[in-house]
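Chemist: Residue numbers (the numbering used here): 19 to 452.
No lab work stands behind these hints, which were simulated from the structure alone.
The beta carbon of each residue, even a glycine, is placed where N, CA and C say it ideally should be.
There may be inaccurate statements among the hints.
Said to hold, decoys possible - As a list, the in silico EDC-like pairs of lysine to aspartate or glutamate whose alpha-carbon atoms are at most 20 Å apart:
#1 Lys168 - Glu134
#2 Lys178 - Asp208
#3 Lys149 - Glu182
#4 Lys168 - Glu80
#5 Lys155 - Asp180
#6 Lys128 - Asp95
#7 Lys178 - Asp151
#8 Lys178 - Asp144
#9 Lys227 - Asp253
#10 Lys149 - Asp208
#11 Lys155 - Glu133
#12 Lys168 - Asp191
#13 Lys200 - Asp167
#14 Lys149 - Asp167
#15 Lys155 - Glu134
To be verified - Quick list of the computed label-pair ranges, beta carbon to beta carbon:
#16 Asp167 - Arg361: 47 to 55 Å
#17 Asp229 - Thr260: 18 to 26 Å
#18 Asn104 - Leu375: 57 to 65 Å
#19 Ala376 - Gly303: 26 to 34 Å
#20 Asn104 - Phe282: 22 to 30 Å
#21 Val290 - Asp388: 27 to 35 Å
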Amino acid sequence: MAFDEAGLAITIDAEDHPADIAHTLSEMDPGEAWKLLCALPVSVQADVFGYIEPELQAETIEHMTRPQLTALITEMDADDRADVYNRLSEEQQEMILPALAHVERENIRKLASYEEGTAGAIMTSDYATLKPDMTAKEAIAQLRLEAPDKETIYRTYVLKDDRELIGTVRLADLILAPPSRKVSALMDDDPVFVHVDDDQESVARTVAKYDILAVPVVDAQHHLLGIVTHDDAIDALEEEATEDFLRLGAHGDIDESVRSAGIFTLYRARIVWLVLLVFGNLLSGFGIAYFEDTIAAHIALIFFLPLLIASGGNAGAQAATLMVRALATGEVRSRDWGRMLGREFLVAAALGITMALAVSGIGVFRGGTDIAMVVASSMIIIVLVGSLIGMSLPFVLSRLNLDPATASAPLVTSIADATGVVIYFTIASVVLFG
């Protein structure tokens, strides 16, 4: 029997949903979690293991014997099996492969060979197929036999003898059709599909766009290799969204959950960007040093410096976040830059004027009308320039085939800060000494 941190006994029931069992196990020590998991039938173990977070999977595997690990992997779905295999050490991989059946062994090697982040890496080989010359009655009989081992049979894939995908057919159409009707007459001969090397994010978008339970994955010759189901597409989108959020915060990738990540892992993920931004912020210092005489003659200018450069950075970060999201979802494409630039110019100008009016009164109070004019005009231009930088940087990165999310808020803010310092003191020099 296992106990939680409060000393209360923890029990699990094989009738519970695998996701609920996995959540319970995630709160426990890996060794204790495996003891509870061992008490369940192997088929339930496999279902539950597929819902456990990758880092806990790896820790739990350390407590398994070779026969236990082999039995578990054998029972898992093909895609989950390949994912677990990729997380094993080379020693563990060599240990379990000989114990697997030939078909399962080759299936694991095939699915594990695809590049991470592609359709091939997230697809499964557990799908049902039919031949075009089958009747509806024959097709239903075959699906009845195959259904227990397949991810889905609601849409079945129609193949030629060489496995070329020529169509898909819905289970509902087979059931409602006359028994003698041929599959070729019922199938959709122009199915949605993706290529095995397509990025997983674009695959997930395809599933969402066409509102389908699964999308077939083909090679260059249009041979069916596997399918990506909607649940794996959702996982891919979550992974991509997490990656984008981390980059927007100038944060490196973390290959495990934040909860279980070690101090050095978190340090390593953040230190590179922070050091680079430190040197980037030196540009602001150089700008201030260049205008020392202007500052010495009108010390009131310093009061408004944090306000102005922060406003430009905030406006730029807002624009960058909006564009990164729009590019990620496909709402905006690289060719839309000119149109978006014109619109952002008008929006940023309106924002700058509004913010200038808000601070101009303070400018009069702190330094008189000349200082107020400098502050108000600087606010308009700084917000305008910061917004245009923030909006344009994701497009530039996209054109260079880099991830637009690299245009992180801290990066945009650092650039806008340095630009804001130069704009502010240049305007001050012209107005106050012109």
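Chemist: Each hint should be assessed against the structure and marked as holding or not.
Modeler: We went through each hint and held it up to the structure:
For the given pair, lysine 168 sits about 23 Å from glutamate 134 by alpha-carbon distance, which is inconsistent with the 20 Å threshold. For the hint linking lysine 178 to aspartate 208, the alpha-carbon distance of about 15 Å falls within 20 Å, and the restraint holds. Note on lysine 149 and glutamate 182: the hinted pairing holds, with a Cα-Cα distance of about 11 Å set against a maximum of 20 Å. At roughly 29 Å between alpha-carbon atoms, lysine 168 and glutamate 80 are farther apart than 20 Å, so this suggested pair is violated.
Using a Cα cut-off of 20 Å, the hinted pair lysine 155 and aspartate 180 is violated, with the two alpha carbons roughly 23 Å apart. A C-alpha spacing of about 14 Å is found between lysine 128 and aspartate 95, which places the hinted pair at or below 20 Å, so the restraint holds. Of the supplied pair hints, the one linking lysine 178 and aspartate 151 holds, its CA atoms being roughly 10 Å apart against a limit of 20 Å. In summary, the hint linking lysine 178 to aspartate 144 is supported, as the alpha carbons are separated by about 18 Å, within the 20 Å threshold.
Proposed proximity of lysine 227 and aspartate 253 is supported: the alpha carbons are some 16 Å apart, at most 20 Å. A C-alpha spacing of about 16 Å is found between lysine 149 and aspartate 208, which places the hinted pair at or below 20 Å, so the restraint holds. For the hint pairing lysine 155 with glutamate 133, the CA-to-CA distance comes to about 40 Å; that exceeds 20 Å, so the pair is violated. Among the hinted pairs, lysine 168 with aspartate 191 is consistent with the structure: their alpha-carbon atoms are about 19 Å apart, no more than 20 Å.
Restraint check: the Cα-Cα separation between lysine 200 and aspartate 167 comes to about 25 Å, which exceeds 20 Å; the hinted pair is violated. Restraint check for lysine 149 and aspartate 167: the C-alpha separation of about 19 Å stays at or below 20 Å, so the hint holds. A C-alpha spacing of about 40 Å is found between lysine 155 and glutamate 134, which places the hinted pair above 20 Å, so the restraint is violated. Remark: the range hint 47 to 55 Å for aspartate 167 to arginine 361 is upheld by a beta-carbon distance near 53 Å.
Between aspartate 229 and threonine 260 the CB atoms are about 24 Å apart, so this pair conforms to the stated range of 18 to 26 Å. Roughly 58 Å separates the CB atoms of asparagine 104 and leucine 375, a value that falls within the hinted 57 to 65 Å. One distance hint, 26 to 34 Å for the beta-carbon pair alanine 376 and glycine 303, holds here, with the actual separation near 28 Å. Between asparagine 104 and phenylalanine 282 the beta carbons are some 23 Å apart, a value that agrees with the proposed interval 22 to 30 Å.
The hint said 27 to 35 Å for the Cβ distance between valine 290 and aspartate 388, and at roughly 44 Å that hint is violated.
When each numbered hint is compared with the structure, violations occur for hints 1, 4, 5, 11, 13, 15, 21.
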